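Colleague: Top to bottom, those sequences are chains A and B. Here the first sequence is numbered in my numbering, starting from 45 and rising by one per residue. Here the second sequence is numbered in my numbering, starting from 45 and rising by one per residue.
Take these hints with a grain of salt, some might be off.
Repeated chains share a single entry, so a pair holds when one copy, or any two copies, can fit it.
What the hints assert, rightly or not - Pairs of lysine-lysine residues, derived as DSS-like cross-links and limited to a Cα-Cα distance of at most 25 Å, are as follows:
1) Lys-225 / Lys-184
2) Lys-147 / Lys-227
3) Lys-227 / Lys-72
4) Lys-227 / Lys-217
5) Lys-72 / Lys-47
6) Lys-147 / Lys-225
In short, the hints are calculated from the structure, not lab data. Just so it is clear, the structure is predicted and the values come from calculations on it, not from any experiment.
Number of protein chains: 2
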Amino acid sequence: MQKPAITQAPIHDIIAQRWSPRAYDANKAVSQAQIISLLEAARWAPSCFGDEPWRFIVWDKNKDSAAWQRALDCIVPGNQAWAMNAPVLVLICADRLFGHNQKPNRWGGYDTGAAAVSLSIQATSMGLVTHQMGGFDGEKARAAFNVPDQFEMMAMMAVGYVADIEGLSDELKERALAPRKRKPLGELFYDSVWNQAII
Amino acid sequence: MQKPAITQAPIHDIIAQRWSPRAYDANKAVSQAQIISLLEAARWAPSCFGDEPWRFIVWDKNKDSAAWQRALDCIVPGNQAWAMNAPVLVLICADRLFGHNQKPNRWGGYDTGAAAVSLSIQATSMGLVTHQMGGFDGEKARAAFNVPDQFEMMAMMAVGYVADIEGLSDELKERALAPRKRKPLGELFYDSVWNQAII
Numbered sequence: 045m046q047k048p049a050i051t052q053a054p055i056h057d058i059i060a061q062r063w064s065p066r067a068y069d070a071n072k073a074v075s076q077a078q079i080i081s082l083l084e085a086a087r088w089a090p091s092c093f094g095d096e097p098w099r100f101i102v103w104d105k106n107k108d109s110a111a112w113q114r115a116l117d118c119i120v121p122g123n124q125a126w127a128m129n130a131p132v133l134v135l136i137c138a139d140r141l142f143g144h145n146q147k148p149n150r151w152g153g154y155d156t157g158a159a160a161v162s163l164s165i166q167a168t169s170m171g172l173v174t175h176q177m178g179g180f181d182g183e184k185a186r187a188a189f190n191v192p193d194q195f196e197m198m199a200m201m202a203v204g205y206v207a208d209i210e211g212l213s214d215e216l217k218e219r220a221l222a223p224r225k226r227k228p229l230g231e232l233f234y235d236s237v238w239n240q241a242i243i
Numbered sequence: 045m046q047k048p049a050i051t052q053a054p055i056h057d058i059i060a061q062r063w064s065p066r067a068y069d070a071n072k073a074v075s076q077a078q079i080i081s082l083l084e085a086a087r088w089a090p091s092c093f094g095d096e097p098w099r100f101i102v103w104d105k106n107k108d109s110a111a112w113q114r115a116l117d118c119i120v121p122g123n124q125a126w127a128m129n130a131p132v133l134v135l136i137c138a139d140r141l142f143g144h145n146q147k148p149n150r151w152g153g154y155d156t157g158a159a160a161v162s163l164s165i166q167a168t169s170m171g172l173v174t175h176q177m178g179g180f181d182g183e184k185a186r187a188a189f190n191v192p193d194q195f196e197m198m199a200m201m202a203v204g205y206v207a208d209i210e211g212l213s214d215e216l217k218e219r220a221l222a223p224r225k226r227k228p229l230g231e232l233f234y235d236s237v238w239n240q241a242i243i
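Generate coordinates for the entire structure from the input sequences, incorporating the hints supplied.
Modeller: Structural data, given as structure tokens:
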């Protein structure tokens, strides 16, 4: 299943095809080489002062299923219901401080968001899918995986191959079939001054 | 001039080729259609609760040079020195509150960073370059362009065509010729637990 964005203007295929499904194929593993390519894409994201404030922890069910299960246990039940089929989970953290002077880095989250979506776009180019979740217990994950307080918990991400939606609950099936939506361009993007629609 | 990332693992060309140069061609305009495609790529970024917390203001020197100049005036002198040649400037703001309940959105910056880099990756695919700056006077821009306090100023971005580095100062020329650098993968990306290098 693919679900390309219905765009108002042409965009590159791997951006249009990036999508956050909830149907993962529990029987298709993601290889270590694939994981490294995904991380490599995140690694080359831009950042303020070149700080690279992002830190990711990766769990591969096919390599260490016990650790993967502990990560899954940090996710809220509503997300676990589908994330349990994703062979790879990733915790995405952002440094609160700059490395060069240990002062607050107000772009820590911003730059980390760029790294995370770079991973997702790379995944799309490899035939993989990703889905980020804010719904997880960050403090439980912090304790379980020794994440220092200096790092903010931003997201958990499911990574894998998309599966047929037949395995989903009726509610998730409905969400999978609903059209992708975004606000009109002119509502968020302005020409020369605030609120003046660009189109 | 191109400056692809020296990667440890294969990644898609439009991610590897994305780069933040300081040499812009002042004589090559970016068309309105190109600008809309760039924004369209940002528009389809993922966001928490589908909030789409990003707001961008775009200034096109070839359309409204006075407004573009007012935007340039908000940038710190060190960045103005090269951004003055970029035909398009973009201010990137993040909503501090969720649209559905007006409660604080701690992913506002994170999701906006994803939208901004999506624009940059799209730009790369179109032969354009971008460079984001934290070095600008956000409160001056807020006053000049009526940005509500609810929105945090994240970045200014230069957009255009890369130029030959001969027009740059010696210092900027040196930076342009220096190799691109990132920390080693294993320093930022971990396997199953904090600080355990994935590679």
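Colleague: Confirm or reject each hint.
Modeller: These are the hints, each one checked on the structure:
Taking the shortest alpha-carbon separations for Lys-225 and Lys-184, neither the intra-copy value of 33 Å nor the inter-copy value of 34 Å comes in at or below 25 Å. When the C-alpha separation of Lys-147 and Lys-227 is checked against a cutoff of 25 Å, the pair qualifies only between copies, where the shortest distance is 20 Å, while the shortest distance within a copy is 36 Å. Neither within a single protomer nor between protomers do Lys-227 and Lys-72 lie at most 25 Å apart by alpha-carbon distance, with minima of 34 Å and 31 Å respectively. With identical chains, the CA atoms of Lys-227 and Lys-217 are at most 25 Å apart within one copy only, with a shortest distance of 23 Å there and 41 Å across copies.
Proximity of Lys-72 and Lys-47 under a CA criterion of 25 Å is satisfied intra-copy only: 20 Å inside one chain copy versus 36 Å between copies. Taking the closest pair of Cα atoms, Lys-147 and Lys-225 come within 25 Å of each other only across two copies (22 Å); inside a single copy the shortest separation is 39 Å, beyond that limit.
The structure does not agree with the numbered hints 1 and 3 stated previously, though it agrees with the rest.
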